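Visitor: With the hints as your guide, set chain B onto chain A.
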Amino acid sequence: MAVHIKAEDLGASYGDNVIWEHINLDINEPGLISILGPNGVGKSTFMYTINKILEPSSGRILLDGTDVLELGYKDIAKKVAYVPQASGETFAMTVMDTVLMGRYPHSGYSVTQEDLEIAADCLQKMHMGEFALRNFNELSAGQHQRVMIARGLAQQPDLLMLDEPTSNLDIYHQIYTMRLLRDIAHERNMTVLIICHDLNIASRFSDRVIVFRKGSVYADGTAQEVLTEDTIFNVYNVKADIQMVDGRPYVIFHADDSIDDPDFQCGVVDTVSKEDLQEADPMDE
Amino acid sequence: MTKIKYRNMINNIALKLRLSGNTISKLRSTGGQSASAMIIGQYRAYKYSKMLMLLAVLIFCLIFFAVDIALGPYDLDFIKVYQLIFSRLFDWDQDMTTPMLVVWNLRMPRVLEALIAGIGLAMAGAAMQSMMKNPLADPYTTGISSGAALGATLAIVMGITLIPGGLGTVFNAFVFALLPAGFIILLSTVRKPSPAMIILSGISLMYIFNAVQSYIMLIANPDAAAAVYTWTVGSLNTAKWANIPYLLEFSLIGGIVLMYMARVLNTMNSGDAYAKSIGINVERARIIVLVTISLIAAGIVSFTGVIGFIGLVGPHIARMFVGSDNKILIPAAGLMGAAVMLLADSLVQIVGTNVPIGVVTSLLGGPVFMFLILRQKKEVW
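Read top to bottom, the protein sequences are chains A and B. Mapping of the first sequence onto numbering that gives the first Met the number 0: position 205 corresponds to residue 204, and the numbering continues sequentially without gaps. Mapping of the second sequence onto numbering that gives the first Met the number 0: position 262 corresponds to residue 261, and the numbering continues sequentially without gaps.
Chain A on its own, in the form it takes in the complex (with noise of 0.2 Å):
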């Protein structure tokens, strides 16, 4: 079952820095849905909120009607998951017991073999069966990645929150993963939500599009009403012409002509010091 996730004049912040504020979203349907839009906007933060890892400033985040900040974080377990980007592991345990891991909202002290099975059926999915009991520490930076996505799909969640899965992933696995996540979706009636930077392959893939740009969401909607060549100037500052593939928006750059200013950082938060952002981003040891 789909989660509906409703933001309220939601704001976040970290310390004095305020990252967003006044964001309003509904997402309501089953699907995959891509959230778009440049470095430090606040992307990853907007997941932060909806599994209160981080308490927005203002406004509330609702999950099926219930405000987050009321709930327990086993309960919003049993229905969010979220596959962080990367993740630095002291001491790695085995690719299998990584993704046992997932199992935890739902499972008591001891492992099952309901849970055994759920485990190896996600390592599967993710073509990582024959490194079930490598220690996680040995694999590539994309092994990492497609074991995070296995132990996100393990916790059977109704809402799936996936920061950039497919960032390390070569170009197999990511049209791979990305059908993957999108038939679950369809298939299971849940919602998959991803951050995502490749724009081609949100464009292919995804069921609806939302854009960030620096404090507010600016665009919403499918792939074909947000992708336009305005869009990409207005939140990113590059100049890309759009074509018709399938159906869908293929996003084209060039190497030279595509960003006019050189200088220009878009989307950074200026005010926002390394140091603050330490010490309020959770990520953060």
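No lab work stands behind these hints: they were computed from the structure. The structure presented is a predicted model; accordingly, all values stated were derived computationally and were not measured. Treat the hints with care, since some could be wrong.
Unchecked claim - When the alpha-carbon atoms are kept at most 20 Å apart in a straight line, the in silico EDC-like pairs for lysine to aspartate or glutamate are as follows: (1) A:Lys-77 - A:Asp-120; (2) B:Lys-191 - A:Glu-54; (3) B:Lys-46 - A:Glu-163; (4) B:Lys-191 - A:Asp-15; (5) A:Lys-5 - A:Asp-15; (6) B:Lys-46 - A:Glu-54; (7) B:Lys-79 - B:Asp-90.
Guide: Same frame as chain A, now just chain B:
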């Protein structure tokens, strides 16, 4: 000749196993067992092998225990020691001869104290490393050892004790050892208790404690200063039966809590954000583990003085054998810590009882640890 014969035999068995392995995989690929079932089977076998490792460490630990109890300054041969132990066990009310008093009232508490302290410190160390995501962490990371040392110094040099009587020094050390944990809990009401914050507050407290202690040592008379110094390096010479129940309490209850938290500790290793996302209240879990570790370490330190290295090295050696799953690592680390501790105590008994065990654990553990790090091929950290 026999050597070659045995080698051939082993090779033959290996060959047969490999063939049968091939046949099985062929059978599997043509149907029957699914790939998932195969992964699960392999995973179960892997976990089983780790349990065997745990058993092996337990046996090691028991052997060292058996050897250690037979050693001591009083001249008794190995067999005689066991005769005395069994004779006492079967006839509890008999009159105690001098050798029996030596074995029962001097050696037994000493060896038990070594065992329990080793288990407690190493379990606490394993939990601390996982919680802090830091291979350099040990049970004393939050400043427990310097707190305990200051408490003991106040008692020994200035006679300032929180409770009167024989346990004055012990109780002082215990309370002062818990101060850092209390301080962190206080801080956590204002800021989230991140590993960096815990370590840094531990370091700052350590400097403060050390400064006060150094000043007291400077103004103290030489005898008292020497007593403090002996206390600081850690020793089992003061071991007695009366201490054992306290030590056991802290290690046992603490160990059970840490085992219960093992799964949470595993997930904390993947980062706070992820741990929260699967339903763990990271801040609360961190405080629970921190308080447990502090109680274990403070309980042990206040009786034995500061025995270093066990809490750092025990978990790392165990990690090389059983991996980093805290469910197996915590008990394995405990047993490994106990084994190192008993081995160190055996050496103390051979070399001379005036050598403090804290010195031996470091002198012995350092090179062994270095050797293990250099020869291991797989990345554990």
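Visitor: Please go over all the hints and tell whether each is borne out by the structure.
Guide: A quick look at each hint next to the structure:
With a CA separation close to 19 Å, the supplied pair A:Lys-77 and A:Asp-120 stays within the 20 Å bound. A threshold of 20 Å between alpha carbons decides the hint, and for B:Lys-191 with A:Glu-54 the separation of about 13 Å falls inside it, so the pair holds. This hinted pair does not check out: B:Lys-46 and A:Glu-163 have alpha carbons roughly 33 Å apart, beyond 20 Å. Note on B:Lys-191 and A:Asp-15: the hinted pairing holds, with a Cα-Cα distance of about 17 Å set against a maximum of 20 Å.
For the hint linking A:Lys-5 to A:Asp-15, the alpha-carbon distance of about 25 Å lies beyond 20 Å, and the restraint is violated. At roughly 39 Å between alpha-carbon atoms, B:Lys-46 and A:Glu-54 are farther apart than 20 Å, so this suggested pair is violated. Only pairs whose Cα atoms come within 20 Å are accepted, and B:Lys-79 paired with B:Asp-90 is accepted, the gap being roughly 16 Å.
Figure legend: structure checked against the earlier numbered hints; hints not met, in rising order: 3, 5 and 6.
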